[in-house]
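Novice: The chain contents come next:
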Amino acid sequence: MSQPAPLTVIEPDGRASMGHDPGLSDDELLHCYRTMLLVRAFDDICLKLQRSGRIGFSIPNKGIEATQVGAASALRKSDWIFPSYRDFGMAMYHGIKSVDMMHNMFGNAQDSALGRQMPVHFSFTEPIKFYSISSPIGTHLPQAVGAAFAMKERGEDNVALVSFGDGGTSSLGFHSGLNFAGVWKAPVVFLCQNNGYAISCPSEQQTASDGYAIKGVAYGVPGVVVDGNDLLAVRQATGEAVERARRGDGPTIIEAVTFRMGGHSTSDDPSRYVPKELFEEWEKKDPVERFEKYLASRGLWTKERGESMRGDVMKEVADAAREAQGVGKPPLESIFSDVYAEVPAHLRAQGAAAFDLAKRFGDPDAGEGEFPL
Amino acid sequence: MANLTLIQAVNDGLRTAMEADSTVYVFGEDVGPKGGVFLATENLTRDFGANRCFDTPLSEDGIIGTAIGMAMNGLRPVAEIQFQDFIFPAFDQIVSEAAKLRYRSGGQYTAPMVIRTPYGGGIRGGLYHSQSGEAYFCHTPGLKVVIPSTAHDAKGLLLASIADPDPVLFLEPKALYRSVKGEVPEGHYTVDLSTLRNVREGEHVTVLCYGAMVPVCEKAAARAAENGIECHIVDLRTLLPLDEEGVLEAAKKTGRVVVVHEAPRFCGMGGEISALIAENCIEYMEAPIIRVTGFDTPFPNTLEHHYLPDERRVLDAIERSAAY
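If you read the protein sequences in the order shown, they are chains A and B. Heads up: the first sequence runs through residues 1 to 373, numbered per the numbering used here. Heads up: the second sequence runs through residues 1001 to 1324, numbered per the numbering used here.
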């Protein structure tokens, strides 16, 4: 079986093709645009912070912004996002603050996970449920289905959107997630971001299938393919899938065809495995420039306006980084809290011993006073 | 009070929880109309409806993964894994996800859920229907591991596990499902997690055990008593978090310790308990700590009665400890 050509909305001249324009208001369009710029600014500043040794790690999002923002824009605040580690734009679209994301990048005392995870493993509950990111691949798919099952049982019309990459489709969780969602008709939207590579493994070594959306057929889950660099196409497809889920008609899998315009992470050198020509080819399809053309066709964008907004978001992210850098480390006892709802005796003993030792050797991480747990 | 088998007490516990709390959902392979392969969930679909107790696709990863999602979003899932031997496709979901969720999200997301599963030998189940995998899970911070050995505790510990805010692996000794019977209070009651049960008082040798080894140790102790050796038997009943103080107290009481489990010896609970005692109260010890365990082999079928610690092996260890 072969897949249809990806849905495209924004034509090369910047106009929206007839019949598929999701019809967003000017404010919504500008918010989407600003969010893409914000992601790009966050990327740039995190790369600099990593290269200068101030943070340990980051994940570049360049090239994927339209997929992230287009998909997130179809959700409302009572929906849940089960993100991959490359979904900064989904968080930012819904108003999660740059500074709160930066606290995680620095692993400081203000980080919602108290520096327990690597950078980019965000966890937020407000203003939208942006589920705690896990490094193992595909584990969050059945979890999203379970959360969606709970929504359905309570009679809510909320949905869970779960995002993963092309590599994630080979995981155990992809199979169990789609299978359970199909059987339960769970209100889930599966978003496969086919960005060409799973770290260094190209798609043709990931699957013999003609694409990823088609994999839904075997689970009774309809599949849709969209141009992932076309924000309006992603929004349109996600909006339809979300409405379908809200109506109680079950899950959809969306494959957004896009390209990761950088390494897997700041620890990766893509020039070792991505042919230069591919980067050149996809550079011409840049999702931000493409959206600018569309905005211009609606009279919402000029070069000057774009520059001005770029300046604003760079300042916002730079200020956030500065603030997060100034926040101290999490307290020593945070190693021992949140393992269980109540600290059990053996952890209290281990924590107290570590605390006493740190004090004895004058380690500043011990802080002042007694061991608090 | 009703006189119930251990499996009936499990069923009663599930029923009691489902009656009290509409967010309790029971699911797994064949747990619906069939009532589970051991009938732990008998008639729950009939009495609570097919949305509260239902069959899932045959996927342990899916069962536990979806249970985590339900738990983080307001339900109290009680998932069954048909045999503990089949739990390993879900190992990632249990170890990487359920157990770490509270920690990795700073408490923003949690997984209050119970995974029930029959474990252990004694039914001629061979390699894949007999294993005791508790040690894999006891090495997992964030998880609780509970094992009842009486009908009373099966219900009370299950209800405590369902009420617990953290994920609990509830291992049911299948050899005791119908061989153990006892008085079980009607209605709701709990047995606190991380507490020990004194099975038998005695001043000569302390025997620490759990699950299907408890009645084996009781029989061995009765034989030892015929020769004047009185055993103090303790049922650990929650392995993680372990009541360490209680274990040390029991060890100090006699100064002689035998630890019994059917799981393989190497890196097992016996080793952990021995080290705990050695680190904290070795000066009380009158004899080396002795472990009586399954062998460090896969679980055999025809000769399972040699693999499983029995009355003879436990009695031998008690006598060696007493004579040292």
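Quick caveat, the hints were computed from the structure, so don't treat them as lab data. Don't take every hint at face value.
[Stated by the list, open to error] List time: in silico DSS-like cross-link candidates among lysine-lysine, alpha-carbon distance up to 30 Å: (1) Lys284(A) to Lys303(A); (2) Lys359(A) to Lys62(A); (3) Lys152(A) to Lys1034(B); (4) Lys185(A) to Lys1252(B); (5) Lys329(A) to Lys293(A); (6) Lys359(A) to Lys329(A).
Novice: For each hint given before, does the structure comply? Return the numbers of the non-compliant ones in rising order.
Specialist: Per hint list: 2, 4, 5 violated.
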